[in-house]
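Using the sequences and the hints, build the whole thing.
Listed here are the chains, written in short residue letters.
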Amino acid sequence: MQILEKILRLADHRLVRTGLVLASAVLMTAALYLSLVWAPEAVGETDVYRIIFFHVPTAIMSYLAFFIVFAASAAYLWKGELLFDRVARVGGELGVLFCSLMLLTGMIWGKQRWGAWWLWEPRLTTALILLVIYAGYLALRNVVDNQITRARYAAVFGIIGFIDVPIVHFAIKMWGNIMHPVVIKSASDTGMSPEMTVALRVGMLAFLALFATVFLLRFRLENLSARVSSLRASSGD
Amino acid sequence: MKNTLLSARAVLMKDLRTEWRTREFLGHTFMFALLVIVIFNFAFKINPQNAPGFASGILWISFLFAGTLGLGRSFLVEKENDCIQGLALSPVDRTAIFLAKFAGNLIFLLIIQVIVVPAFIVLYNVNVMENFFMQCLVFLLGDVGFMTLGTLIAAMSVNLKAREILLPVLLLPLLTPLLIFAASATASLVGGDDPSAYLGRIRLLAAFDVIFFVVSLLVFEYIMDEL
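Each protein sequence line maps, in turn, to chains A and B. So the first sequence is numbered by the working numbering: it starts at 1 and just counts up by one. So the second sequence is numbered by the working numbering: it starts at 1 and just counts up by one.
No wet-lab data here; the hints were simulated from the structure. For glycine and all other residues, C-beta sits at the position ideal for the given N, C-alpha and C. Be aware that a few hints might be false.
To be verified - For the chain A half of the interface with chain B, some residues (derived, Cβ under 7 Å), not all of them: (1) Leu77; (2) Ile129; (3) Val132; (4) Ile133; (5) Gly136; (6) Val143; (7) Thr149; (8) Arg152; (9) Tyr153; (10) Val156; (11) Asp164; (12) Ile167; (13) Val168; (14) Ala171; (15) Trp175.
Now the structure itself:
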């Protein structure tokens, strides 16, 4: 709670916001150079493999975002503070965004590697169901006008949805054939050359910076608009 | 605990009595479920050879569709008759209302199944009930999980602007694992597979039911407060 208010106060400084945007821009440019130019060619793969440097970070960011929805939803039900609800909303939006990016990058890779845009494969299908669940979460938020009702419904759905995620994954794994490559098996066996590992790490950092920047800006906007509505309500406008 | 169950029974009996007096909705939903089964025949060009392979999918889809219709109705009748505030204000545990609505929806779906499954057997000439007790168990466990999450989402969606469409849009993705477990268990029972093929799935269904029943009971009060 206090930490969220501190973050908001920090975001009020223009310097902080510009700094974050600049940092993500620089990191993203570096990630683009490292992954598209600097990283060596992969054995048995065409250049399309380089999409992994964006695919993996977007996947991790989407799971991070969905976890934020869950944690903020639980915190909202526990404390009843609307600030948590706003965090959950921003998390849901970012989750849907990054999950779509993950699916799109994966489909582009799949088209050239598998010859098909889509396979009904466990990881792909899980990601698709996840996207539908959280798109539903955003749809639910859109149709409730009262902000307390909206916050409660969204929190309940956010919690149920997150609990469902591992079960969905497990069920689909049982049901489908595994085709999705597992490149990084462990911290010591990354299945990549050292240069590729560096490119992927910088990519992760760039997406993390992008995530933090968008999150902060969106969270700030959400709070400003809440303040405007409460001011309007109190002035009887 | 005893009070909760008694109040749940009171709400359930009220729902059953009102439905029994008109018997309208049950009849319509049954016709709908039957229609789904008939339409699948034309959509997939089903013949005696391929019918067993389609049986489980057709049945579960018709259960899901008919059940979702029933769910949409369960809180809507309260709203239409302006009874929802009365229900929310009544000095009973929130859990009792959840349990009553859950039980009502479950009974509704079970009745539909008791009529639809024999109709399916007759129309497609596939005896899906060969392993009677196990198949009943799969249906029951599938229904419990379906109606647990369904009752929760139905309570939420009754107040929404686009409730008819949002109920399935919110509910069906959450039910993906349940559909996978239940439909594959039913398919494996129809195919006369070894018990090892379906027992694991039945256990998974039971686990799904327990997890979401507990979670739904815990979070239902937050929804009920907003009704």
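Does Val143(A) pass the interface check with chain B, least Cβ-Cβ distance below 7 Å?
Because about 5 Å separates Val143(A) from the closest Cβ in chain B, which is inside the 7 Å limit, the hint holds.
Mind checking the CB of Ile129(A) against every CB in chain B and telling me if the closest is under 7 Å?
The hint holds - Ile129(A) has a Cβ within 7 Å of chain B, the shortest such distance being about 5 Å.
Quick check on the hint: Leu77(A) CB to chain B CB, less than 7 Å?
6 Å, holds
Does Tyr153(A) meet its interface restraint, that is, does its C-beta lie within less than 7 Å of any C-beta in chain B?
At 5 Å from the nearest chain B Cβ, Tyr153(A) passes the 7 Å test, so the hint holds.
Should the interface hint for Val168(A) be scored as holding, given a Cβ-Cβ cut-off of 7 Å against chain B?
5 Å, holds
Hint check, Ile133(A) versus chain B [nearest Cβ-Cβ separation less than 7 Å]
Given a least distance of 5 Å, the restraint on Ile133(A) holds.
Would the stated hint for Val156(A) survive a check requiring a Cβ distance to chain B of less than 7 Å?
5 Å, holds
Grab the minimum C-beta distance from Gly136(A) to chain B and call the hint holds if it beats 7 Å, violated otherwise.
5 Å, holds
Hint check, Ala171(A) versus chain B [nearest Cβ-Cβ separation less than 7 Å]:
With a closest approach of 4 Å, the Ala171(A) hint holds.
Quick one, is the Arg152(A) hint okay against chain B at 7 Å, beta carbons?
5 Å, holds
Answer holds if the nearest beta-carbon of chain B is closer than 7 Å to that of Trp175(A); otherwise answer violated.
Holds, about 5 Å.
Return the status of the interface hint for Val132(A): holds when the least beta-carbon distance to chain B is below 7 Å, violated otherwise.
Holds: closest Cβ of chain B sits about 4 Å from Val132(A), inside 7 Å.
In this structure, every one of the numbered hints holds.
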